[in-house]
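Visitor: Single-letter residue listing:
2 protein chains.
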Amino acid sequence: MNQGKVIHYSQVEAEVAGDGAAGASIRWLIDEEHDGARIFVMRMIELEPGGYSPHHTHPYEHQNFVVDGHGELRLGEEIRPLGPGDVALVPAGLRHQYRNTGSTTLRFLCFIPAEKFRS
Amino acid sequence: MNQGKVIHYSQVEAEVAGDGAAGASIRWLIDEEHDGARIFVMRMIELEPGGYSPHHTHPYEHQNFVVDGHGELRLGEEIRPLGPGDVALVPAGLRHQYRNTGSTTLRFLCFIPAEKFRS
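So the sequences go chain by chain: P and X. The first sequence begins at 1 in the working numbering and counts up by one. The second sequence begins at 1 in the working numbering and counts up by one.
Check the hints yourself; a few may be wrong.
[As the list claims (entries may be wrong)] Once the Cα atoms are required to be at most 20 Å apart in a straight line, the calculated SDA-like pairs of lysine to any residue come out as:
| hint | chain 1 | residue 1 | chain 2 | residue 2 |
| --- | --- | --- | --- | --- |
| 1 | X | 5 | P | 81 |
| 2 | P | 5 | X | 57 |
| 3 | P | 5 | X | 27 |
| 4 | P | 5 | X | 115 |
| 5 | X | 5 | P | 7 |
| 6 | X | 116 | P | 115 |
| 7 | P | 5 | X | 5 |
| 8 | X | 116 | P | 117 |
| 9 | X | 116 | P | 83 |
| 10 | P | 116 | X | 119 |
| 11 | P | 5 | X | 84 |
| 12 | X | 116 | X | 58 |
| 13 | P | 116 | X | 115 |
| 14 | X | 116 | X | 32 |
| 15 | X | 5 | P | 76 |
| 16 | X | 116 | P | 119 |
| 17 | P | 116 | X | 118 |
| 18 | P | 5 | X | 99 |
| 19 | P | 5 | X | 32 |
| 20 | P | 116 | P | 5 |
| 21 | X | 5 | P | 94 |
| 22 | X | 116 | X | 60 |
| 23 | P | 116 | X | 77 |
| 24 | X | 5 | P | 80 |
| 25 | P | 5 | X | 116 |
| 26 | P | 116 | P | 93 |
| 27 | P | 116 | X | 117 |
| 28 | P | 5 | P | 76 |
| 29 | P | 116 | P | 8 |
| 30 | X | 5 | P | 74 |
| 31 | X | 5 | X | 27 |
| 32 | X | 116 | P | 114 |
| 33 | X | 5 | P | 112 |
[To be verified] Here are a few chain X residues that face chain P, going by a calculated C-beta distance under 8 Å:
| hint | residue |
| --- | --- |
| 34 | 6 |
| 35 | 39 |
| 36 | 79 |
| 37 | 105 |
| 38 | 109 |
| 39 | 110 |
| 40 | 116 |
Derived by calculation from the structure, the hints in this document are not laboratory data. Heads up, the beta-carbon is just placed ideally off N, CA and C, and yes, glycines get one too.
Next up, chain P with everything else stripped away, as it sits in the complex:
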């Protein structure tokens, strides 16, 4: 790790997310390459109204915190509403999808393990 940092999330470039997503972007706020994160990394996901993430599964968990907007999280067979201040845990191996059902950007943090812990 380096000497640390304090930045506003908007200072990090939003990359368009593909692969089954629509109206979706991702900012890698704290990562391995630039920040030396050893164990887990912080991303901000933004979904435009009507936008969604892939409906997929992977062998590692997500930890989410909703910053702005409204939407839903499909978590296995359930659909759960999401709004500001909501915390979500998506366990490893559970099929999931985030969707913006509101009229403003849905913005949420998405923490995942560092690459060596993702299998």
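With chain P fixed as given, assemble chain X onto it according to the hints.
Guide: Relative to chain P, chain X alone:
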């Protein structure tokens, strides 16, 4: 991991934080014991106006996201302002302290590694 969860952060009890802190509380939003978090955990720290966290160091990093309020982060020899939407990385081993310099609650997420990765 279990079947996951979606909760509002305020549903988790705020425990008073001691040990060199003042006007400080912590909510363990996603943890090892209740949620089976394997790699990292999510906490919400709340500092009342004038409140502060311990000025201390430990052999693991913090990853923070400021949700509400204003304050400052002492990071080694530097003091950096904190406001909503700010992201902070406190590297392992760097002495640090959070302080609420505003007139409302300073509320920020604080992610740390799971216990087995904290040494």
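Visitor: Quick one: which hint numbers does this structure break? Sort them smallest to largest.
Guide: 3, 4, 5, 7, 9, 19, 20, 23, 25, 28, 29, 36, 37, 39, 40
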